[in-house]
Each structure stands twice: as structure tokens, then as C-alpha cells.
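K.L.:
Residue strings, one per chain:
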Amino acid sequence: MNIAEELLAGSRLALSRAITAVENEYDTAVEIMQKLYPHTGKGHVIGITGPPGAGKSTLTDKLAKEYRRQGKTVGIIAVDPTSPFSGGAILGDRIRMNELTMDEGVFIRSMGTRGSLGGLSRKTAEAVKILDAFGKDIIFIETVGVGQSEVDIVKAADTTLVVLVPGLGDDIQAIKAGILEIGDIFAINKADHDGVERLHIEIEQMLDLNQSKVAWRPPVKRTVASLTEGVTELIDAIGEHISFLDESGTLTARRTVRARNELLAMLNEQIGRYVLTNIKSSGKLDRMIASVEKRENDPYSVVSDILKGLLR
Amino acid sequence: MEKLIRVLVAKPGLDGHDRGAKVVARALRDAGFEVIYTGLRQTPEQIAETALQEDVNVVALSLLSGAHNHLFPRVVELIKGKGMTDVLFIGGGVIPDTDIPGLKAAGIAEVFTPGTTTTSIVDFIKANVK
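Top line first, the protein sequences correspond to chains A and B.
Count the first sequence with our numbering and you get residues 2 to 313, in order.
Count the second sequence with our numbering and you get residues 713 to 842, in order.
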């Protein structure tokens, strides 16, 4: 049996190795994904995002436990930053989820961002599909601790949960573009800390001004993840969002957009790689770069010539 | 993307000290490895399961409490039992020289005792990872 078949037969090692193959772009990766793709589309993907230290891992841990109590199987992808200098990473989110390790219904995988800037790894969406094909009912993606613009999670998740904590920033933060725009649900974690009332009011006021999400008003929930407070209320809110997605047709619409984006991104990448391989192997690339750098040629004309040459 | 070496830094058993493990984890990060750290007081079963889920190439075990002769071989056995036969095992901590041959016979490729430089750990991994 190959990896895809073993995975579909329930092998956890094959599941793990499939994610590695995709992450490292092994030659086998495309074949694995081709075989798994027909088995995807069943799991519900929940993105968990928010600033560093907001308690995303602890909250993910508690949510996962609650879903397990309900009899659902869970996959978790926890993304942590890769060093821009060494390419190495410390992937430490599992520490907050240690009690889940021995639960056979849970599979946790840590990923480094490996140069990606949107709060996920470039291969996160693939890892989600692999967990989905394996049969996980609920798949969490915990983003790298994000600042303001790491919003790739909306492209990968069905439900986006933005976790905030009291005491960060003033009220102008609430009307900026960025992660506050992408929440389907807001969780104010560490709600036993000072400033929770003010933050709650600011988020509600921001939502009052929203014109684009009128069909779904994102609920704002308070949690103290370390004490498992507010977790069932949060699960209820996720459940309501899932019902909304189904009933309003939003899920279908989102998945259409996602299929389109993924297809175009893949096409883009393949075309880029094809063009690059071509000009590299012809030995022209260095000469082109040198001529642009010396102002003998301009990059606009060079690119145009390359494409004309390839598309003839 | 080329293969990135993934290392599990694990603290088995009852031992509340992980400064050394964190220093090693940081040095491995700076050497360009992806390091997964388990935190303190892990059972061999938890470590083996984590190694499987994270598909690591290297398992680095750290122990200061003296139970290494019991716990290190157990971790090796459990991980190999999961079908992961290509993992490189290394150990470190307060480990008497007389115990090292036995640990090596049990599948620990090298044991790094106090005073070891982090570069020698990095070099050993680079030279021996499968």
C-alpha cells in the first residue's frame, strides 16, 4: 500500500508522513494529494487567530476537549514562526495541549511558517485537507501569534475565531483594517483581567459600524481558557455559525471562492516555476539581471520578452 | 523546499528542570532545525505519540533525575514499535559514564553530558540524521 491508501485505511503514521511529504514538497506529494482530494470537504475548519500571548493554544486545547466530549474527532494544526535568519523554529504550542496527546481521536501537528507572512505556512491548507481526508470532524488551525495584517486564515477556515485580550491598544485599533475585520466570532480571553468591559464595548461598537457582515453579526464571548470558563458558550457560538453557514449558503459560496483561489494559486505557482526553470536552464537569467541592474534594459521589457518567447 | 530536520526535545519522567533542554532547543533552532519541545514530565508513551504526530527525524531526550536507564530505552522501543525505524536518538543530562555503553546498546546513538558544547550536538545531528 502507498501512503494515501494507508492513510485512508486509518494509519496515523501515514497521516503524519503525508503531511511531511507535502510540507517538504517531496515528489510523492502531488500523487498523495490527488488520491486524497476526493475524500476532503467533510470536516469543519475553525481558524483561531489573535496576538501572541492571547491564549490561543490553551483555548484550542479546551475547545478540542469539549468537542471530544461530544464524540467528534479533532485535528489541530499549530503554526509557529520560522526564524528569518536560521530557517529554524521552536514549535511550542503542543505544551498547552499535552493532555490531548494520548487521545486517539486527536491528531496535533506543529508547522513552522517557513517564510510565509500571512500567519500560516504555505502548506497549511494542504495539511488541513490531509486531516480532513483522514476523517477528522473538526480541524483547528491555530495561526502564528499575529499582529495586524496576518489574515490568511480567512482563506483557509470556515469559521474564524479572533482571540483578543484586554489591555492592548486604544480604540483606534478597533477601526483599522486587519484581523479585527476577519472574525466570525470574537473571544475576549483572560476576561478576568482589567479592561475587559472597555474592550467588549469597543468590539461591539466596531461591529455596529460593519456594513458588510449584516447577515451574520459576530458574537463577542468572554472566556478564561485556563479555567475552562466560557468554553461551552464559545462552542455554542461556533455551532450557530456553522448553522448560519449552511442555511444561508455562505459555506458553499466560501468554498467556491476557496476552490477558485487555490486553483489559481497553484496555476500561478506552476507557471512561475515553469518560466523560471526555462530561463534558468537557458542560462539567460544572470545576463538579464545584469542588464537590468546596469540600466541597459528595463525589467518591464525583459519580462515581456520572456513571455513572448515562451508563448510563441 | 528541501527537507528540514525536525527534532523533538523531550523531558521524560519526574524531573522539573528544563533550562538545559531549552538552551539546546534554542541552539538547534539557530542551526536551522525545526524543534518541537514537549515540556516537562512526559511519559514515554506521550513522547512516542508526539514523535509520530510530528514525524520527527531526531528525538533528543534530556534527563537529570537518574531514571535514564529505564526511560531512554523505553522511548526508543515505543517509537520503533510505531514503525518509525529511521529516527536518530540522542540523550543528555546528568548521566554517569558507566551508563553510556548500555544506553548506546539500547539505541541511543550518542549521549551528551554536562560540559558538551551545543555545536557538537548540532554537528552530531547533521552527520548522523537519516
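Just so you know, these hints were derived from the structure itself, not from any lab.
In this text, a Cβ means the ideal position worked out from N, Cα and C, and glycines have one as well.
Treat the hints with care, as some may be off.
With the Cβ distance kept under 7 angstroms, some of the chain B side facing chain A (calculated, not the full set) [unchecked claim]:
#, residue
1, LYS715
2, ALA737
3, ASP742
4, VAL747
5, GLY751
6, THR762
7, LEU764
8, GLN765
9, ARG786
10, GLU789
11, GLY795
12, ALA821
13, PHE824
14, ASP835
15, PHE836
Calculated Cβ distances over 10 angstroms to all of chain B for the following chain A residues [claimed, not checked]:
#, residue
16, GLU24
17, GLU32
18, GLN35
19, PRO53
20, LEU92
21, GLY93
22, MET103
23, GLY146
24, ILE236
25, THR253
Lysine-lysine pairs mimicking BS3-like chemistry, simulated, CA-CA at most 25 angstroms apart [claimed, not checked]:
#, chain 1, residue 1, chain 2, residue 2
26, B, LYS816, A, LYS281
27, B, LYS794, B, LYS842
28, B, LYS734, B, LYS715
29, A, LYS66, A, LYS43
30, B, LYS816, B, LYS842
31, A, LYS309, A, LYS281
32, B, LYS715, A, LYS36
33, A, LYS124, B, LYS816
34, A, LYS124, B, LYS715
35, A, LYS66, A, LYS36
36, A, LYS43, A, LYS177
37, B, LYS842, B, LYS715
K.L.:
Min Cβ distance, GLY795 of chain B to chain A: is it shorter than 7 angstroms?
P.N.:
5 angstroms, holds
K.L.:
Would you check whether GLY751 of chain B satisfies its interface hint, that is, whether its CB is within less than 7 angstroms of any CB in chain A?
P.N.:
4 angstroms, holds
K.L.:
Far enough from chain B: is every CB of that chain over 10 angstroms from the CB of THR253 of chain A?
P.N.:
32 angstroms, holds
K.L.:
How about GLN765 of chain B: closest beta carbon in chain A under 7 angstroms, or not?
P.N.:
Constraint on GLN765 of chain B satisfied, holds at 6 angstroms.
K.L.:
Would you assess whether GLN35 of chain A, listed as outside the interface, keeps its beta-carbon beyond 10 angstroms of every beta-carbon in chain B?
P.N.:
The claim stands: GLN35 of chain A keeps its Cβ more than 10 angstroms from every Cβ of chain B (closest is about 20 angstroms).
K.L.:
LYS794 of chain B and LYS842 of chain B: Cα distance at most 25 angstroms?
P.N.:
17 angstroms, holds
K.L.:
Hint check: LYS715 of chain B vs LYS36 of chain A, CA-CA at most 25 angstroms. Holds or violated?
P.N.:
23 angstroms, holds
K.L.:
Non-interface claim for GLY93 of chain A: all C-beta distances to chain B beyond 10 angstroms?
P.N.:
5 angstroms, violated
K.L.:
Quick one, are LYS842 of chain B and LYS715 of chain B close enough, alpha carbons at most 25 angstroms?
P.N.:
Holds: LYS842 of chain B and LYS715 of chain B sit about 11 angstroms apart, inside 25 angstroms.
K.L.:
Given LYS715 of chain B was flagged as interface, is its beta-carbon under 7 angstroms from a beta-carbon of chain A?
P.N.:
Nearest chain A Cβ about 5 angstroms off; hint holds.
K.L.:
Measure nothing beyond the straight line between the CA atoms of LYS124 of chain A and LYS816 of chain B; if it is 25 angstroms or shorter, mark the hint as holding.
P.N.:
Violated, at roughly 37 angstroms.
K.L.:
Confirm or reject: PRO53 of chain A is not an interface residue toward chain B, with every Cβ-Cβ distance exceeding 10 angstroms.
P.N.:
17 angstroms, holds
Taken one by one, the earlier hints fail for this structure at numbers 9, 10, 12, 13, 14, 15, 16, 20, 21, 22, 26, 33, 35, 36, listed in ascending order.
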